[in-house]
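*Asks:* Both chains are sitting in their own frames, so use the hints and assemble them into the complex.
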Amino acid sequence: MNDMSPIKASQNSDRETGLLNLSRRRFLGVSAGALVLGVALPSGAGRALAQAAAPAIEAGTRVNAYIEIRPDSSVLFRSAFIEGGQGIFTAMAQIVGEELDVDPARFVVEAAPPGPDYLLIGGFRFTGGSMSVRMSYEKMRKLGASARLMVLQAAAARMNVPVSELTTEPGRVLHAASGRALSYGELAQQAAALAVPADAPLRAKSDFRWIGKPLARLDVRDKSTGKAQYAIDLRVDGMLHAAVQHARHLGAEPQAITNEAQVLAMPGVHSVHRLPGAVGVVADSWWRARRAAESLQVTWTAAAQGTKGAMPEDYSTERHRDGLKAMTGDGLEAEVSGDATKALAGAKTVIEATYDAPHLAHAQLEPPSALARWNEDGTLELWAPNQAPEMFQAAAAKVAGIDPSKVIIHSPLLGGFFGRHFLYASANPFPQAILLSKAVGKPIKLVWSREEEFLRDALRPMAVARFRAGLDEKGMPVALSAVAVGEGATGRWFGRQPDKVDSSAVEGIVEKLYAIPNRRVGHIHVDDPAVIGFWRSVGHSMNDFFYETFFDEMADAGKQDPYELRHRLLSESPRQQTLLEAVADLSGGWRRGPYQADDGTRRARGVAMASPFGSEVATIAEVSLRGEEAVVHQVWVAVDPGSIVNPAIVEAQINSAVAIGLSIALMEEVVYEEGVPRARNYDGYPILPPDRMPKVHVRIIESGAPMGGIGEPGVPGVPPAVVNALAVLTGKRVRSLPLSRASLTGSI
Amino acid sequence: MQLTINGQSHQVEIEPDTPLLWVLRDTLGLTGTKYGCGLAQCGACTVLIDGQATRACVTPIESVAGTEIVTIEAITGDAEGRRVVEAWVDHQVPQCGYCQSGQVMAATALLKQTPQPTEEDIAAAMINLCRCGTYNAIASAVRQAAKV
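So the sequences go chain by chain: L and U.
Counting in this note's numbering, the first sequence runs from 29 upward without gaps.
Counting in this note's numbering, the second sequence runs from 57 upward without gaps.
No wet-lab data here; the hints were simulated from the structure.
Because the structure is a prediction, the values reported are computed rather than measured.
Some hints could be false.
What the hints assert, rightly or not - Keeping only pairs whose Cα atoms sit at most 30 Å apart, straight-line, the calculated DSSO-like set for lysine-lysine is:
#, chain 1, residue 1, chain 2, residue 2
1, U, K203, L, K241
2, L, K353, L, K723
3, U, K168, L, K502
4, L, K370, U, K203
5, U, K168, L, K255
6, U, K203, L, K723
7, L, K170, L, K336
8, L, K587, L, K376
9, L, K353, L, K470
10, L, K167, L, K353
11, L, K241, L, K370
12, L, K502, L, K528
13, L, K376, L, K336
14, L, K502, L, K760
15, L, K167, L, K233
To be verified - Computed list of chain U residues with no C-beta within reach of chain L, every gap over 12 Å:
#, residue
16, G63
17, S65
18, H66
19, I105
20, G107
21, Q108
22, A121
23, T123
24, Q159
25, M161
26, Q172
27, P173
Glycine residues also receive a C-beta, built at the ideal position from the N, C-alpha and C atoms.
Chain U on its own, in the form it takes in the complex (with noise of 0.2 Å):
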């Protein structure tokens, strides 16, 4: 199966229902994408598709094929990446910083989609869950990276 990430072109051999994560991970070596769950729940796998935010853990590579993946191990190459890497540095927001792959690329596909993004919009799209209570940081992150 061919698989398009971060621009590149990857042909992999493995079971077309195995999910992206585990391929990211353990085929391609992209261990930025973190698994937390396997169930869509706390969102540390997320990447972006076609510039949605996807849970890898929960998709199947055969749905993907055709689309372009992108990882957070491309996301300084992306602007609203840029943008968002650097306002997580200026409000330091990681703790231990294992949800924060997918937290910075929830964020990415939000400015992407919506480049002035209310309270609201940030609420709906910053889902994903961290142990640390980053929350607080991550919106504020948010904000900044969203004013352009």
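If we strip away everything but chain L, and leave its shape as in the complex, we get (with noise of 0.2 Å):
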């Protein structure tokens, strides 16, 4: 077994370096284009992914790499970006079949292999920060564009006629003068052969027919009758299966299986492993393998104290979340404007709270696989669900000790996502099947349970945020001072420097937009000794929470109706502020409530902006309570992400954002007692089922500003709308999520 080494020197490396100084945080509110990053790559993985970054190749420009039209004249799609449910592959057929004059229900997308040709975002490639179309908008369509005059150059060819007295209608190049016609089927193999041309005219958006219109998703079929494949899924030829059993301790390694024959005696099993902080067994099918992996007897080697990365035996979420609360100081500067402290000694009156947010699990449909084999040719294959393939190419060569020209990536659709499938040391099964895979010499098909999953899952962080604010005599806000505590996903995994304030941890504090004269927001890093990753909207799950829910407490304590005090407060933000009147007309007029509706409950509205990732989303939430349980009815959203390319994947991600986003307002928590988590499936660990999933309503404004994302900014609104709302029917305010921890009783 010494060749299951090396993956605990690459954990170790890989989380001291940081595997890619790259903060995708850094890319907000840069438009598409403006795809210059300013990055310090680290030593190692890092300085090969950025010798990886800096091709000859132009990535996005290379027609071949991405299009390959078929004799029947549709058209295989490479995409740079990954489908997890989010609509890319659809949008992508969308860009680019409307300047190829291909319809986009012609097109078959897949995810493409790793490469230079892929790397649309700043030089590196990964799907996520909801960064895929608006990152990749402009030089999609140049690549459609660009095909297409290939197409037309051939034709101009073999009909020996100039460019310019050809046209093309959906999938044919037509000579009107002469009433020839030819499929692009019959011309793509020329056309390929040709250079790319540097100046394809593009189309004028007044003539669009595909881009911005609800075209149907070109994958729903085939997910409405399971013939979708998933990792999960997947089989090749001479395949075992593999199922783990962890260290209940990330951090600590098996010493000794005490029923290791009876074990290898149990049905199908081939053979029991010993994995870096796991065990894993080998069998003829997943369950035999998982019931033998539940069944081993297995002593544990605590990790010795101090050990980076272990999980401290005695840890506990409740003691951490009382650290974080505990933290003093105003921490280094996120943010300031004008003077907080002198105009908060000046106010009339002045309000404090302090809020907090628990670990979350991304809990996706899913469970974790990985199918590895290698080769005869010395290559290693890999199918893994993944949102960078390049950076688990490096990470995979790693593990298998070879270069990562000899790893061939497969990037199968994601069952769910949710910002789990970046590269996460420890939380990845991909490294146990390759050593699996190498030590039996057969394929593996590693799967981790349910249980498993949820022991080693990334999680959310945890987050306290402390606010004072200053109010005038008139009730309006003069001073803001805001205290962010913990640590942020983009500092865990992609480099923190000390003296510089992790923007993952403050995002949705800072760049705030109401005109609020003194305004400081500091941050204090506190390490997290859970495994945190990237979780839907990240640093913007908790903040806007924070802050939009404080910000009713000071409409609350200055005697302004929350709505009418955004309302005033973004007078200088146009933007915003149509937004705003937008939402409020969508739910029928602004009504904050309690009132009674047709059904005999009482019911009272929340309204919460947000800023994320370049898209700017109003949210009113419609609650009341039932008992003790707040029940949402309605929840409308005005989204304005500047432009869009699918009005319909736009309202179903909007859809999908207010579930998650209220299923962690109602009842979503991890929580860590003696260094494990207590919920290790979804008994524990309930995620918002159906009968608790509001009406949702939807208005997309497209106010013409540079694009912004789409599939995180409709959760940030979600929690505050709905705790606002619920502070009027109770008249106390929940300053801690979930509400399933919240007495709400008491209702005045």
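*Replies:* Have a look at this one:
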């Protein structure tokens, strides 16, 4: 089992250097086209990727890397971005099809392999940060237009006429003068051999047939009939199945297995393996492997005190929260305007409050898996759910001890991701699959059981925020001081600089647009003992709850209506003020309540604004109480992403964001006691069930501002809108999520 | 053990307490039925056993010998199933899609037993989890499929 050792070394070094010193947060507000990134790259893996990131090939320009026109004039398109439910494959087909002049319904889209052609995110490649469309839109249009021109040039040569006499209709080139026509399929081979033209004309926006339209998704029928294949569904010849039992505490290592002989004798069991931080069983079916893995009686060697990344055996989330709350001081400056200290000292009224939000699990429905196969030519083939093929390729190469060019990565459809499938040392099963496959000399498909997934997921960090606000004699806010406490996911994985604030820890508290003249936002870094990661809308997922709920406390303290106060403080921000008016209009006009609904329930509404991922969002939630339980009846969302590609997908993504946003408001938290998570399945970690889903109303506003994101922006406004409405019903402020932990009695 | 799946008879030699889910997925290669939780919490593994929605992850194969098992792979061979699939497409229900095999099977079972379901019937039958939050689209699609 000596070949098991590299993984530990690689995990440690990755963790220490940061695999890639690229902050996805640094793209916030950067428009597509401005792709220049000034990032300091670390040594090791980071440097290798830096070289890969500075290729001679300009990403997103080589037509043949993306587009294959098939004989029947359908298009095989290789997407730089991975499909995980957000609709990106369909969006790519719409954008490219529009310019190529091929109906998007005639596209077959698959995830592209690793390669310099696909590094569309500032010289890197990942699917996240709600960036895919906005960072690639112009390049993909040009790519489609270039491909169309190549087809035209091929047709011109074939027909012996100038290109200027040719036109296209979907999938066909026409020569009106002679009445001749050729299909794209007939011209494909010849077109593909041509050089990519530099100056292909783009279609005028007014002529768009598919961009901006609610086209049907390409994957819906396969996903409705069980035909869609995810990593967990794949199979190759000669494959064996594997399951693992992880150390309860990350960092512990397997010492002795007291019943190995009995387990080896269980039906279908092929072999038992010691892995870094785990034991694995290989068998002829996954159920047999799992049963055997769970039967293994293992003694574990605890990690030495102070081992980096090891889970302390006495860790409790409750104590961690207390520790965050107990942190004093103003922290590193993240944002400052005016003089908050002075203004607070001179304010008529000062209010203060401390908020907190728990760790969260991704809880995507597809448990992580990986299929590894060593090929006879020395290459390693890996099928693994991932949001970043090149990063997984580099990491897999280190585990396997081979050059990255010898690792073939396949990126299957993701059965939900929400940030789960980035490269997180200790949270991805592929290193174990590689090692097991090497040990047994056969392809291995490893699946983590739901229980192992809940033990090893990379969590949304826990966070605390302390606020102080000063109001003048008219009840208007004149000063706001906020201190966020905790650790950001970006700093954890891409390198934190101790003298700089990790933007992923404060986003949602900084860059708020309300005209409060004196502001200071600080951040106090506290290491989170849990493995933390990116979770849908990242820092916004808690920080907008903190800020927007405290905003209502300011409004109440100043005897102002929270909608009217927002509206007034946005008078210098017309885009956001318009959006606020739009969501009020969508909901039939702002009414805070409480009021009695037709069904006799007593309801109230809360409002919240957020500016995440380059988009603007306004949210209103309507809530009542049933006993001690919050019932959310309706949620209205007005979203301004600047411009969009598919309104139906936008609306679906907002519905999805409302569901997950409400889920974290109502019921989600990861609780650790004695270094282990209390919940290992959905029974202990409930997620929003169908009967708690509200009606969702969406209005999309295309203001023409630079294109923003869609996948995440709908999340952050939901918890504060709900909690603000609840405060109207109960007369009490809930400052800690989830609501399932709060007492919601005491209705006024 | 003899199992009848999608109208075909299969001879399966495996421990009789093996959950049906893993016989479907690993023994027979019918991977349309998904593993989500293994505890009958999420419903991603829903199949029809004699027309009833059943969670395959907690159903030992010894308990289903002699029954008619239908999985998502045979869904379009079923009249209600076809209607459900068309409604799913019309309402563009799936996002990541991972739970949708189970959702479609649950909806099909509902319509087989209650061709004209009330809102309460729909709420009682459609209890599978969806992390993408497609619940509103699911409910709309079920309503459409119920209108013959």
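*Asks:* Next step is simple, just say for each hint if it's right about the structure.
*Replies:* Hints and how they fare:
Taking the CA atoms of K203/U and K241/L, the gap is near 28 Å; set against the 30 Å cutoff, the hint holds. With a C-alpha separation of about 36 Å, the suggested pair K353/L and K723/L falls outside the 30 Å cut-off, and the hint is violated. Among the hinted pairs, K168/U with K502/L is inconsistent with the structure: their alpha-carbon atoms are about 64 Å apart, more than 30 Å. Taking the CA atoms of K370/L and K203/U, the gap is about 67 Å. The hint is violated against a cut of 30 Å.
Restraint check for K168/U and K255/L: satisfied, since their Cα atoms lie roughly 23 Å apart, inside the 30 Å limit. A distance of roughly 22 Å separates the Cα atoms of K203/U and K723/L; the hinted pair therefore holds under the 30 Å criterion. For the given pair, K170/L sits about 47 Å from K336/L by alpha-carbon distance, which is inconsistent with the 30 Å threshold. For the hint pairing K587/L with K376/L, the CA-to-CA distance comes to about 13 Å; that is within 30 Å, so the pair holds.
At most 30 Å may separate the alpha-carbon atoms for a hinted pair to count; K353/L and K470/L exceed this at roughly 51 Å. For the hint pairing K167/L with K353/L, the CA-to-CA distance comes to about 46 Å; that exceeds 30 Å, so the pair is violated. Between the alpha carbons of K241/L and K370/L the distance comes to roughly 52 Å, so the proposed pair goes past 30 Å and is violated. Our distance criterion of 30 Å between C-alpha atoms is broken by K502/L and K528/L, whose separation comes to about 37 Å.
Proposed proximity of K376/L and K336/L is contradicted: the alpha carbons are some 48 Å apart, above 30 Å. Note on K502/L and K760/L: the hinted pairing holds, with a Cα-Cα distance of about 23 Å set against a maximum of 30 Å. Straight-line distance between C-alpha atoms of K167/L and K233/L comes to about 15 Å, which keeps the hinted pair within the 30 Å bound. No beta-carbon of chain L is positioned within 12 Å of the beta-carbon of G63/U; the least distance is around 16 Å.
At the 12 Å boundary, the C-beta of S65/U stays outside the reach of chain L, the nearest C-beta of that chain being 20 Å off. The beta carbon of H66/U is kept farther than 12 Å from every beta carbon of chain L, the shortest such distance being approximately 15 Å. Taking the minimum C-beta to C-beta distance to chain L, about 17 Å, the non-interface status of I105/U holds against the 12 Å cut. Separation of G107/U from chain L is adequate, the least Cβ-Cβ distance of about 18 Å exceeding the 12 Å criterion.
Every CB of chain L is more than 12 Å from the CB of Q108/U (nearest about 19 Å), matching its label as outside the interface. Listed as outside the interface, A121/U is consistent with that label: its C-beta sits roughly 18 Å from the nearest C-beta of chain L, beyond the 12 Å cut-off. At roughly 20 Å from the closest C-beta of chain L, the C-beta of T123/U stays outside 12 Å, upholding its exclusion from the interface. Listed as outside the interface, Q159/U is inconsistent with that label: its C-beta sits roughly 9 Å from the nearest C-beta of chain L, within the 12 Å cut-off.
Its beta-carbon lying about 9 Å from the closest one in chain L, M161/U breaks the requirement of being farther than 12 Å from that chain. Distance to chain L confirms Q172/U as a non-interface residue, since its nearest Cβ pair spans about 20 Å, more than 12 Å. Remark: the non-interface label on P173/U is consistent with the geometry, its nearest Cβ contact in chain L lying 14 Å away (cut-off 12 Å).
In this structure, the hints that do not hold are numbers 2, 3, 4, 7, 9, 10, 11, 12, 13, 24 and 25, in rising order.
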